[in-house]
Amino acid sequence: MVKILGISSSPRKAGTDYAVKKALEGAADIGEVETKYISLRGKTIHPCIHCEKCMRTNTCVYDDDAQEIIQAMFEADGIIIGSPVYDMNYNAQLACLFNRFRSRSHDLHQDIRPFGSKVGGAIAVGGSRNGGQEITVSGILNFFLSQGMVVMGGEKWENAGSYVFSNDHKRWDENRDPEAIRSAFNLGNRIACLSRIIHENPTDIILK
Numbered sequence: 241m242v243k244i245l246g247i248s249s250s251p252r253k254a255g256t257d258y259a260v261k262k263a264l265e266g267a268a269d270i271g272e273v274e275t276k277y278i279s280l281r282g283k284t285i286h287p288c289i290h291c292e293k294c295m296r297t298n299t300c301v302y303d304d305d306a307q308e309i310i311q312a313m314f315e316a317d318g319i320i321i322g323s324p325v326y327d328m329n330y331n332a333q334l335a336c337l338f339n340r341f342r343s344r345s346h347d348l349h350q351d352i353r354p355f356g357s358k359v360g361g362a363i364a365v366g367g368s369r370n371g372g373q374e375i376t377v378s379g380i381l382n383f384f385l386s387q388g389m390v391v392m393g394g395e396k397w398e399n400a401g402s403y404v405f406s407n408d409h410k411r412w413d414e415n416r417d418p419e420a421i422r423s424a425f426n427l428g429n430r431i432a433c434l435s436r437i438i439h440e441n442p443t444d445i446i447l448k
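Convert by adding 240 to the 1-based position in the sequence shown; the result is the number in the numbering used here.
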């Protein structure tokens, strides 16, 4: 059984939460998939201060929610991350989480990279139709690439991930942007399918 993790970095309950959960539904749709959802809303995630304690002790100076979330990412076979668009990029909460990966440097830079067999996909939710979704998705995918992950692209017209137009609605259903929500579902489905293939047929080429 493969494990697919969905993370929403939005500080409020709205489109990003909805889209990530829809992607997890798509992942579960193939069967024999364990899904887990994490919202960064209300979580305490300090920014990395580059104190280098982690390089000496393999532990972070901050004992906060980032540790549990990062561990969940280590345990997943596939990871779906959704972020609202802030200033044509992903938001500060997600940036802090990404930066805190440094605290696991000893684990991340072994001969076999622990994220080399994981599949990642990205979702961006913007208040306007062309408000920076592509740049936000690109930023998330760049993080995945920095960890050696296998990146899952989008589909026709949404080449890199799922681009959602929220129009800043606080109450959400798939009728707000049905095409984007369908693409989120399909993104999760494809991530789960590829994660299963890799999980059942690991190769040294992927893991190195």
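Possibly wrong hints are sitting among the right ones.
[Stated by the list, open to error] Calculated lysine to aspartate or glutamate pairs in the EDC-like style (CA-CA distance at most 20 Å, straight line):
| id | residue 1 | residue 2 |
| --- | --- | --- |
| 1 | K261 | E272 |
| 2 | K283 | E265 |
| 3 | K243 | E274 |
| 4 | K253 | E315 |
| 5 | K283 | E308 |
| 6 | K293 | E315 |
| 7 | K253 | E272 |
| 8 | K283 | D303 |
| 9 | K396 | E374 |
| 10 | K243 | D303 |
| 11 | K293 | E308 |
| 12 | K276 | D327 |
| 13 | K283 | D269 |
| 14 | K253 | E265 |
| 15 | K243 | E315 |
| 16 | K283 | D304 |
| 17 | K293 | D303 |
| 18 | K243 | E440 |
| 19 | K396 | E440 |
| 20 | K261 | E440 |
| 21 | K276 | E292 |
| 22 | K293 | E274 |
| 23 | K293 | D347 |
| 24 | K283 | D347 |
| 25 | K396 | E419 |
| 26 | K253 | D269 |
| 27 | K253 | E274 |
| 28 | K261 | E395 |
[Claimed, not checked] Just the calculated beta-carbon pair ranges, DEER-fashion:
| id | residue 1 | residue 2 | range |
| --- | --- | --- | --- |
| 29 | A332 | R369 | 37 to 43 Å |
| 30 | T299 | E274 | 40 to 46 Å |
| 31 | Y277 | N370 | 25 to 31 Å |
| 32 | N399 | T297 | 39 to 45 Å |
No lab work stands behind these hints: they were computed from the structure. C-beta: ideal position from N, C-alpha, C; glycine also.
Structure-based check of each hint:
1. K261 - E272: holds (17 Å)
2. K283 - E265: Distance ~24 Å between K283 and E265 Cα, so the pair is violated.
3. K243 - E274: Between K243 and E274 the Cα gap is close to 5 Å, so the pair holds against 20 Å.
4. K253 - E315: Roughly 26 Å separates the two Cα atoms, so the pair is violated.
5. K283 - E308: holds (11 Å)
6. K293 - E315: violated (24 Å)
7. K253 - E272: Not satisfied, since the Cα-Cα distance of roughly 28 Å exceeds 20 Å.
8. K283 - D303: holds (12 Å)
9. K396 - E374: Holds - the C-alpha atoms of E374 and K396 are around 14 Å apart, at most 20 Å.
10. K243 - D303: Since the Cα atoms of K243 and D303 sit roughly 25 Å apart, the hinted pair is violated (cutoff 20 Å).
11. K293 - E308: holds (18 Å)
12. K276 - D327: violated (29 Å)
13. K283 - D269: Given that 20 Å is the threshold and the Cα spacing comes to 29 Å, the pair is violated.
14. K253 - E265: holds (18 Å)
15. K243 - E315: holds (8 Å)
16. K283 - D304: holds (8 Å)
17. K293 - D303: Measuring from Cα to Cα gives roughly 12 Å; hence the hint holds.
18. K243 - E440: Judged against 20 Å, a Cα distance of about 13 Å means the pair holds.
19. K396 - E440: violated (28 Å)
20. K261 - E440: Outside the cut-off at roughly 25 Å; violated.
21. K276 - E292: violated (31 Å)
22. K293 - E274: Given that 20 Å is the threshold and the Cα spacing comes to 34 Å, the pair is violated.
23. K293 - D347: Judged against 20 Å, a Cα distance of about 14 Å means the pair holds.
24. K283 - D347: violated (24 Å)
25. K396 - E419: Cα-Cα ~11 Å, so holds.
26. K253 - D269: Since the Cα atoms of K253 and D269 sit roughly 24 Å apart, the hinted pair is violated (cutoff 20 Å).
27. K253 - E274: violated (23 Å)
28. K261 - E395: holds (19 Å)
29. A332 - R369: 37 to 43 Å: Cβ of A332 to Cβ of R369: about 23 Å, so the range 37 to 43 Å is violated.
30. T299 - E274: 40 to 46 Å: The hinted range 40 to 46 Å is violated for T299 and E274, with Cβ atoms some 28 Å apart.
31. Y277 - N370: 25 to 31 Å: Because 28 Å falls inside the window, the suggested range holds.
32. N399 - T297: 39 to 45 Å: holds (42 Å)
Hints 2, 4, 6, 7, 10, 12, 13, 19, 20, 21, 22, 24, 26, 27, 29 and 30 from the list above are not met by this structure, while the remaining hints are.
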